[in-house]
Amino acid sequence: MSEIFFDESVILLDVEGIAKEEILTVMGRNLVDKELVKESFIQAIIAREGEFATGLPTAGISVAIPHTDVEHVNRKTISVGVLKKAVDFGVMGDESEITPVKLVFMLAMDEAHSQLTLLQQLMQIFQSEETLKYLVSEKNKTSIKHLLEEKLDFMACKGDE
Amino acid sequence: MEKKQVLVACGAGIATSTVVNGAIEEMAKEHNLKVDLVQIKIAEVGGYIDTADLLVTTAMTKKEYSFPVINARSFLTGIGTEDTKQQILDELKK
Numbered sequence: 001m002s003e004i005f006f007d008e009s010v011i012l013l014d015v016e017g018i019a020k021e022e023i024l025t026v027m028g029r030n031l032v033d034k035e036l037v038k039e040s041f042i043q044a045i046i047a048r049e050g051e052f053a054t055g056l057p058t059a060g061i062s063v064a065i066p067h068t069d070v071e072h073v074n075r076k077t078i079s080v081g082v083l084k085k086a087v088d089f090g091v092m093g094d095e096s097e098i099t100p101v102k103l104v105f106m107l108a109m110d111e112a113h114s115q116l117t118l119l120q121q122l123m124q125i126f127q128s129e130e131t132l133k134y135l136v137s138e139k140n141k142t143s144i145k146h147l148l149e150e151k152l153d154f155m156a157c158k159g160d161e
Numbered sequence: 162m163e164k165k166q167v168l169v170a171c172g173a174g175i176a177t178s179t180v181v182n183g184a185i186e187e188m189a190k191e192h193n194l195k196v197d198l199v200q201i202k203i204a205e206v207g208g209y210i211d212t213a214d215l216l217v218t219t220a221m222t223k224k225e226y227s228f229p230v231i232n233a234r235s236f237l238t239g240i241g242t243e244d245t246k247q248q249i250l251d252e253l254k255k
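Listed in order, the protein sequences are those of chains A and B.
The opening residue of the first sequence carries number 1 in the working numbering; numbering runs sequentially from there.
The opening residue of the second sequence carries number 162 in the working numbering; numbering runs sequentially from there.
Looking at chain A on its own, in the form it has when it is part of the complex:
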């Protein structure tokens, strides 16, 4: 299992867009340019979001966790997008509801049924209003990177099944 790729270059601040498709395209394009995902990833993630929404209303700031099938991924990574203005995403499991998302965690996973610890820790972040507020207001990518590395404990995920 390959190690997760994570550095400042997959953290995008002030992402602009009116529709969720624009946000997904900007974030996806960045991952394509870095060859972390295949060109097909962008369309796949937009299509998946349309079919199965990933917006999550949390205690404070709504987040979205767009992701798609493993075959579009070269190397696993989590891309973080802080949106300039909230963009409506559908609510996971609730077709009729939308939520104004400020933070997007785009997941590029390279294998199914794994990464439990990493995902659990990610959900822990969603449950901390304080952390979410920090993430949307912090302007220094390196600080965001350090915080996420600590919270997500990337090193501990290495041999995780």
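I should point out that these hints are in silico values taken from the structure, not numbers from a laboratory.
Think of the CB as a built atom: it goes at the ideal place given N, C-alpha and C, for glycine as much as any other residue.
It is possible that part of the hints are untrue.
What the simulated footprint calls covered on chain A by chain B, stretch by stretch (three residues with Cβ under 8 Å from a Cβ of chain B suffice, anywhere in the stretch; the number is not a length) [to be verified]:
id : segment
1  : 53-62
2  : 65-74
3  : 93-102
The calculated lysine-lysine pairs, modelled on DSS-like cross-linking and capped at a C-alpha distance of 27 Å, are [said to hold, decoys possible]:
id : chain 1 : residue 1 : chain 2 : residue 2
4  : B       : K190      : A       : K151
5  : B       : K246      : A       : K151
6  : B       : K223      : B       : K165
7  : B       : K254      : B       : K202
8  : B       : K164      : B       : K254
9  : B       : K202      : A       : K38
10 : B       : K255      : B       : K223
11 : B       : K195      : B       : K165
12 : A       : K151      : A       : K85
Partial list, computed: chain B residues near chain A (C-beta under 8 Å) [stated by the list, open to error]:
id : residue
13 : G172
14 : V180
15 : N232
16 : R234
The hints should help you fit chain B onto chain A, whose structure is shown.
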């Protein structure tokens, strides 16, 4: 008590279902319940209609099934987790 087959599903079968799967595994251990957890994509539920006892999902489903369906979004957001856990436990203990 008979071992229950619990389907854990999400859209892609890789991300949120993994979290929900982990949570149910932990619950089952805690309450000493034997469950057969099957992590799948929501589109694959059809293949288990004859064997499943419960579907726990983060994806929406419009279909009607012969077994109960529980929405597990709370495992991701932390809002209402205890209620969802209780719902699942109630079904597992039936």
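Quick rundown of the hints versus the structure:
| no. | hint | in the structure |
| --- | --- | --- |
| 1 | 53-62 | holds (count 5) |
| 2 | 65-74 | holds (count 5) |
| 3 | 93-102 | holds (count 3) |
| 4 | B:K190 <-> A:K151 | 26 Å, holds |
| 5 | B:K246 <-> A:K151 | 25 Å, holds |
| 6 | B:K223 <-> B:K165 | 23 Å, holds |
| 7 | B:K254 <-> B:K202 | 25 Å, holds |
| 8 | B:K164 <-> B:K254 | 10 Å, holds |
| 9 | B:K202 <-> A:K38 | 22 Å, holds |
| 10 | B:K255 <-> B:K223 | 25 Å, holds |
| 11 | B:K195 <-> B:K165 | 7 Å, holds |
| 12 | A:K151 <-> A:K85 | 25 Å, holds |
| 13 | G172 | 3 Å, holds |
| 14 | V180 | 5 Å, holds |
| 15 | N232 | 5 Å, holds |
| 16 | R234 | 5 Å, holds |
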